[in-house]
Amino acid sequence: MADDLFKLNIDGKDIEVPKSYTLMQACEEAGAEIPRFCYHERLSVAGNCRMCLVQWKGAPKPIASCAQTVGEMRMNPDGTPPNILTSGDYVEKARNGVMEFLLINHPLDCPICDQGGECDLQDQAIAYGRSGSRYSLNKRAVENKNMGPLVKTIMTRCIQCTRCVRFAAEVAGVEELGMISRGEDAEITTYLEESLKSELSGNVIDLCPVGALTSKPYAYNARPWELRKTESIDVMDAMGAAIRVDAKGAGVMRIMPVVNEEVNEEWISDKSRFIWDGLARQRLDKPYIRENGKLRAASWKEALARTAELLEGPAEKIGFLAGDLTEVEQAKAAKDLAGKLGVKSLDCRPAGAAYGADGVREKYILNPTLMGIEEADALLLVGTNPRLEAAVWNARIRKAWLWNELQVGVVGEPVDLTYSYEHLGSGPADLDGLLDGDSEFVKAFKDAKRPMVVVGENAITGEQGLDVLNAAHQIALDAGAISEDWAGFGVLHNAAGRVGALDVGFVPEEGGADTVAMLSGGVETLVLLGGDEHDLSNLGDTKVIYVGHHGEAGASKADVILPCAAYTEMTATYVNTEGRVQMTSAAVQPKGEAREAWAIFRALSDVLGKTLPYDSAAELREHLREENAVFAGLGFAPGTAGHKVLMEAPAKAQNLDKARPFGAVIEDFYLTNPIARASKTMAECSLMKRSLETPVAAE
Amino acid sequence: MALRRFDIEAGGDSFAFKPETEPNIEFWLGKYPEDKKRSAVIPLLWLAQKDNDGWLSEPAMRTVADRLGMPYIRVYEVATFYTMFKLAPVGKYHVQLCGTTPCMLRGANDLKKVCEKKIGKKMAVTDDQRLSWEEVECLGACVNAPMVQINDYYYEDLTPESLDEILGKLGNGVDVEPGNFVDRLNSAPEGGATTLKEDTLYNGSRNSVKGLPNLPESDAEEEPKSEAKGKPDREAPTNVDREEPKEEKLEAAEEGVEATQDAEKQIEGTRPEPLEIDGKQADDLKRISGVGPKNEDQLNSLGIHKFSQIAAWTPENVQWVEGYLSFRGRIERENWVGQAKTLADGGETDFSKRVDSGDVDSSREEGED
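Residue numbers (my numbering), protein chains in the order written: chain A, 1 to 699; chain B, 1001 to 1369.
The following block holds chain A by itself, in its conformation from the complex (with noise of 0.2 Å):
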């Protein structure tokens, strides 16, 4: 081990790193901070803004420490370790020129620039900038990109960091952005001005240091001193990736990632960031019922009476039907409603859907986690597109590809992962004897010591699902995914609600109905818990119910609505596709009378007289936690815990043939729930992303 390590000295101070490290990462395990515009711990080294000179003693110049790997370095003649000084006047100097020439065709223009206040740029000119320009001659100016319709350029702004191009070739996998022509006339652009074409593109905003790529939808909408930052959990996808909602007032004004190495590392998609203009169009913000056909707004007493009404039934004929964004505590209190009713008819899955009926918590999870990836050194993706269904996961998948040489087959659609993959078949029928073939990732996979296989929740949804998920399981057994470290099978959803909906067991008991039958008249009152993706047109006359927050196809069916939160504006649980356990947090209040859900049933409960026990949210987590005990763990997810549940073989899969081919899971990525449907962002996403599919009618 000692072999691995290089002795420095820094600051005057001795310290031993790894050689592997660069000089900014000793300095910084020094305890120095170096000041840098184009390194970044995710991306390629470039070394091109030389902001982060350090003095090494005896070395004729400076050196930038983000270049300079530590082991290459060389010892004192007299063999004490280098001497490395990370300030005092040589440093300071040698910084003081690199960021007066960055200055000089940078524009003066922080008081109307959207960057100001978390501006790299900014912030270390105030550290090593000239209190004035020695410059005088015309500031250079660059032509703004169109970039689409999510990142806003104003280039002349820009420092050449590449950053952006860095990321856009490694991180999201999509060759579209590049630094054209040389000197003075470099600009960083898109080929031709082309929109951005990666679900990641948000990023490169909070990666750019200075204000060149700044959010569109955002422009001019506050400043950063303004707003109040919570940290929270996204609900776009299964990820739930860590997320920081900016608010204003009571209007939620941007939404930006927070490290979670274990889920998103420090990116979101873009349907995660630009979501929230959603949050507040079309929002169902006080009780409504429908009378003659036509739907008033009513008071809670009026709305929850008329709920009650309806609910008075026989039980066997009440329905409770869960959606993807529906939230933990919101399903407890919906389920324990039910269970005081007698209502054996709950469902929280899509309509076909048989798994997750036992609760073997195992075979609904991602068990070898997202961060698992990493280690995995083959993956079989079976119906999964996870490009759109869980983007950051994909530019994971991506990395582990380009740097750990991660072998990846596909069953299902062969569609642009934005890496390369072996296409093993387009249909259930090819998981029958996968392992018999001889192409080169069967045996890569057979080979490996941590193969992965994944299955979308798409491919065992419909019928036959189930023989899906077996076929897929056993193919795990068969090439040894499943050992006492490594749990190398999972399901990837992509319902922010799922997995804790089948955790809260919000499937239908012994003789209850589920998602088809109540989507089909099979019952005469169904409670919706958003649910607005379902195919709602076969309800016949079917009474509605609805709880939640957008005004769309649910809430058009509805008899009675009852406005509830959405997640920016609850404390609420969510749990991700990996089983991992996660809190949002209230950012701004709810809108209008609108209330958190579970408080919703819990005053239902109490109008038809049977009410729930507990009388707020820290009660009801106490009952959950109580009755499963995942809910005791915060942030963490079980991960090769399942491996002994997942160790014993599944049933034989049958009538492969049989079962639903494996299409386009997500039709269109950025409308893929309410809230993205109600967001003008997403709908001119969708509108760019749909005009580059469909190729121009001849004129």
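Derived by calculation from the structure, the hints in this document are not laboratory data.
Pairwise CB distance ranges, derived in the manner of DEER restraints: (1) A/D447 / B/I1042: 33 to 43 Å; (2) A/R625 / B/E1034: 54 to 64 Å; (3) B/E1034 / A/D447: 22 to 32 Å; (4) B/T1021 / A/E184: 32 to 42 Å; (5) A/G249 / B/A1124: 51 to 61 Å; (6) B/T1021 / A/E422: 30 to 40 Å; (7) A/K446 / B/E1022: 35 to 45 Å; (8) B/P1189 / A/E92: 54 to 64 Å; (9) B/A1124 / A/E422: 47 to 57 Å; (10) B/N1186 / A/L692: 54 to 64 Å.
In silico SDA-like pairs for lysine to any residue, Cα to Cα no more than 20 Å straight-line: (11) A/K399 / B/P1071; (12) B/K1036 / A/W403; (13) A/K197 / B/R1074; (14) B/K1036 / A/E170; (15) B/K1036 / A/A169; (16) B/K1036 / A/S420; (17) A/K57 / A/A67; (18) B/K1122 / A/D185; (19) B/K1037 / A/S420; (20) B/K1036 / A/L402; (21) B/K1037 / A/A169; (22) B/K1037 / A/E175; (23) A/K197 / B/G1069; (24) B/K1036 / A/E175; (25) A/K286 / A/G251.
Going by beta-carbon spacing under 8 Å, a handful of chain B positions derived as facing chain A: (26) R1004; (27) Y1072; (28) R1074.
These figures come from a predicted structure and were not determined experimentally.
We treat Cβ as the ideally placed atom computed from N, Cα and C, and that holds for glycine.
Go by the hints and put chain B onto chain A.
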């Protein structure tokens, strides 16, 4: 250097390499392993530019990217980085004028004025699409400053007058041979050698040992050849490989005829008498050292078909023909008249022997630099 952008409009919708370029592409691709073929991006862009009338259109760039399996933006970066890739149309003759210090000190600024007068602004193309110009950094021919590069060849030791003449001819579709425009060989002194002139330096007579031992008799007798004694017997490069601009230019061509006639009037000396002749009676003028197919054509167009005609040239005739061919002293130096006399009398020269035996690739259409 200004902002460089693709001329999307002029680029059209498509581009395809010429069939004769394909072997060249194969050659470059063959240099790199299959998974590193993007290394060939610069040569391929260059070939695409050659195949696209001297500039790189957007479809041409995409064609290269597709060939190499590269994202467009990566090729775009390369094409915009190197200023020798032209992103907008250039003339049939694209003049790159060296404006760096040695050339500037020797009068490049005056040459710029000529370009501005004859062609127009930098990177502008004349209406007949024949000429365009730009200023470039050092082309490495400082000993022959000032100079320009026209398409692939150097035109050196220029004066405003000689550049004016060159541009005039090129603008009228008359080709001009590249090289020096003063009386000097390469970068040797003007007017011939000024030192080390004695023959004894080269014929071995200064050597106290007469005749080297073990040397075949015949070789020892042959006069040692020196590059300094004359231009190598090599076909002059030409600049006419480009196709003529496609559209328009009937008008321009007519002007060109007039201009050529005007140019003839200005040439000093006497024009040799033309001879009307049946093709079969014509001599192969290429047997004269210094006359290539191009020159032969031009001589034929002057009505000169026979050795006897050249043998009869007066000094005034020689001066006129040199002026017409922009040769300046070459006819005299290469002794066309003397050679022609020998050949007209049925004799042979060293060069004609080599031509006859096929050693000289006289049918070569262009220089191979």
